[in-house]
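K.L.:
One line per chain: the protein sequences are A and B, in this order.
Residue 144 in numbering that gives the first Met the number 0 sits at position 145 of the first sequence, with consecutive numbering throughout.
Residue 253 in numbering that gives the first Met the number 0 sits at position 254 of the second sequence, with consecutive numbering throughout.
Hints should not be assumed to be uniformly reliable.
In silico SDA-like cross-links for lysine to any residue, where the CA-CA straight-line distance does not exceed 20 Å [what the hints assert, rightly or not]:
hint, chain 1, residue 1, chain 2, residue 2
1, A, K1, B, V427
2, B, K389, A, I129
3, B, K161, B, K389
4, B, K161, A, I55
5, A, K83, B, V427
6, B, K108, B, L243
Coverage of chain B stretches by chain A, computed from C-beta distances (three or more under 8 Å per stretch; other residues unrestricted) [what the hints assert, rightly or not]:
hint, region
7, 162-168
8, 391-402
9, 407-413
Covered, in the sense of this in silico footprint (three residues per stretch, anywhere, with C-beta under 8 Å from a C-beta of chain B), are these stretches of chain A [stated by the list, open to error]:
hint, region
10, 20-32
11, 42-50
12, 56-62
13, 92-99
14, 109-120
15, 138-152
No wet-lab data here; the hints were simulated from the structure.
Idealized CB from N, CA, C, for every residue including glycine.
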Amino acid sequence: MKMSKQVESLFYLAIAVTCLFLVFMVFPENIPQGTGDRQGVSSGFFPTMAVTIIFITSILEAISLTRSKDKNEVRAIWSEGDVKRAAIIFAACITYVFIALETVGFYIATPVFLIGVIWFLGEKSWWKLITAAVVVILIVHFLLAVQLGVTLPQGFFSD
Amino acid sequence: MLDAVLEAASLVAQPETIFFVFLGIIVGQILGVIPGLTATMVMALIMPITFAMPIWVGVPMLLGMLKGALFGGSLAAIFIKTPGTPAAMATILDGHPLAQQGKGRKAAKLALLSSTFGDVFGTLCLIFATGFLATIALKLGPPELLLIALSALIVLGTVSGKSPRLGLMSAGAGLLLASIGLDPVTGVSRLNFGITQLLSGIELIPMLIGLLTIPEIIRRMEQNQNNTSKTTVSFSEKPEDNKLHWWEIKKTIRTLFRSSAIGTAMGAIPGLGANIAAFIGYNQAATSSKHSQNFGKGEIEGVAATESANSSEGGANMIPLLALGIPGDTAVAVVASAFLLHGITVGPTVFVEAPVEIYAIFIALFIAGIFNFIVGQGLIPIATKVLQIKQRLLFPSVFIMAVAGTFGMRASLFDVGIMMLFGFIGYVMVKLDIPLIPLLIAFLIGPMVEKNLQRTSILIDANDSFLFLFQRPAFLILLVVFILMSYLVIRFQRKVST
């Protein structure tokens with residue numbers, strides 16, 4: 000997948016617009032106003048200064064991209080097929096972290112995730128898949144549950 | 000002071016400290032060999048575990064890992080032309096041609112020797128320079144400290160990545176993230192969006208693990224399935240090709256001193272990193288050597304130059320952290336986080352608040368240097384086997400370690416979610432060539448910047464003008480140093496990139 004400089008400059012412009020949104024819409028609601036007796040700069044000064052840096056640099060980057068000699072030059076973000084693989088892997092990771100750990104717990108979600116992802120990445124040997132899953136779970140269990148006394152997510156088994 | 004040093008020595012002499020430093024070196028060397036598994040990534044993964052250890056065990060273990068990974072990375076560079084860590088990139092230039100000539104063992108032995116030399120050199124400079132700089136730093140006021148922190152951010156933003164604009168944007172994002180949670184002056188919580196877990200700000204460890212490990216894991220997993228190394232490692236049958244002779248060591252001594260000094264200087268400036276130090280060390284060695292025509296074709300001086308420079312940088316980059324509270328790169332940012340985990344805020348006052356711990360860490364660093372040399376001797380045959388590990392087995396497993404490590408900190412799935420969120424942000428940044436280092440460092444020193452900004456603004460109010468700043472000699476000296484440093488750093492970076 001490729002991104003042209005024009006698209007990239009639009010991305011940086013979007014960041015600049017987000018900065019304006021933060022300063023005018025988000026900050027007034029989420030930064031407590033001072034009582035008036037405070038000396039020096041207010042609580043909102045520092046975040047506003049940070050956003051100003053992002054705003055100025057993103058505008059400058061967008062201008063620099065649109066002014067470049069070859070506007071049609073493209074940046075290769077992913078090689079052929081990589082974008083699909085990246086999306087699937089991200090989806091698997093998100094499902095594992097946000098759904099599986101909370102519902103079925105670490106000890107069931109992890110082998111399913113590991114075997115599934117390693118198989119997807121091309122490993123078809125079952126004994127290697129199972130060995131990898133068992134070894135990783137044993138290492139994590141030993142380090143966290145045994146050594147540090149952490150209870151790993153149990154999901155619906157916690158009751 | 001002597002009492003503190005003796006107490007520190009007794010702490011380091013405990014079997015627990017020795018064992019974990021040794022373990023750190025072994026893990027660092029073995030994992031450093033594997034391309035893609037950087038020292039910082041491994042340190043970030045292991046860091047939550049150090050919470051259960053005393054600080055004089057946890058920090059030397061992390062630094063041992065860094066030292067080990069720097070050497071391990073050079074083995075991959077020499078044998079398969081793929082640097083195990085970014086710092087070993089320059090080692091390919093002469094290390095790999097030597098391996099192609101069947102002299103891989105000689106190159107690896109020289110890399111180990113140079114790495115140990117640079118490491119000891121950097122550690123000595125760390126010990127002697129840090130105390131001196133910290134004494135000076137204690138006498139500085141808020142405007143000077145603000146100037147130092149801003150200079151570090153500007154230099155970091157300018158030299159990290161392809162364009163200064165993107166580096167500064169990343170630093171701005173780090174400052175913005177640092178402002179979530181408590182205002183360091185009033186203690187009022189801001190920008191928490193009603194989420195109780197954000198009342199005191201974003202947790203450092205999930206963010207660190209997310210930014211440092213997840214993008215690299217996803218990047219490695221998305222690549223083509225046949226990603227294992229197919230390069231075979233061969234060794235010469237002739238004994239002289241595998242042995243490192245005394246005359247060869249003698250030939251490189253001047254290079255070792257010069258490159259170690261360069262690496263140390265680079266380490267003391269936040270943001271430059273071991274890879275830049277290695278290229279500058281190599282460049283200087285190539286231009287001043289009698290055999291400059293052999294550089295790039297398998298010249299042992301080239302290996303000595305890059306390895307001593309990157310290893311001395313590894314020790315010296317603790318100087319700005321301990322003296323000023325400013326971490327110079329991501330590996331040191333991880334070390335700073337380990338200090339924070341133990342309730343120690345690093346900076347000039349650390350020598351007053353926790354002298355025994357700091358001296359213990361210094362002593363343990365020397366021991367780590369010696370262990371690195373000993374372990375390295377046995378690693379070379381193992382390294383060739385480790386290089387064959389399939390990435391499709393490795394990186395999903397590393398992802399599970401990252402999730403478990405993050406969860407283990409506070410037994411919180413919210414933290415794991417934060418890790419994933421920053422993993423995604425980091426992935427997008429990596430894809431768009433936006434550097435991560437300024438974001439991380441800015442996040443770490445954000446509270447220090449804000450506190451000193453607030454105090455400076457009060458001083459300006461009290462003096463009715465900012466012109467009083469120019470009546471402060473320390474401020475003026477630092478301003479001149481900052482301008483000169485910025486000029487030199489930008490010049491160096493341009494030279495390196497060409």
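K.L.:
Hints first: check each against the structure and report whether it holds.
P.N.:
Results of checking the hints against the structure:
no.	hint	in the structure
1	A:K1 x B:V427	holds (14 Å)
2	B:K389 x A:I129	holds (15 Å)
3	B:K161 x B:K389	violated (31 Å)
4	B:K161 x A:I55	holds (17 Å)
5	A:K83 x B:V427	holds (15 Å)
6	B:K108 x B:L243	holds (7 Å)
7	162-168	holds (count 5)
8	391-402	holds (count 8)
9	407-413	holds (count 3)
10	20-32	holds (count 5)
11	42-50	holds (count 8)
12	56-62	holds (count 4)
13	92-99	holds (count 5)
14	109-120	holds (count 6)
15	138-152	holds (count 10)
Hint 3 alone, counting from the list given before, is not met by this structure.
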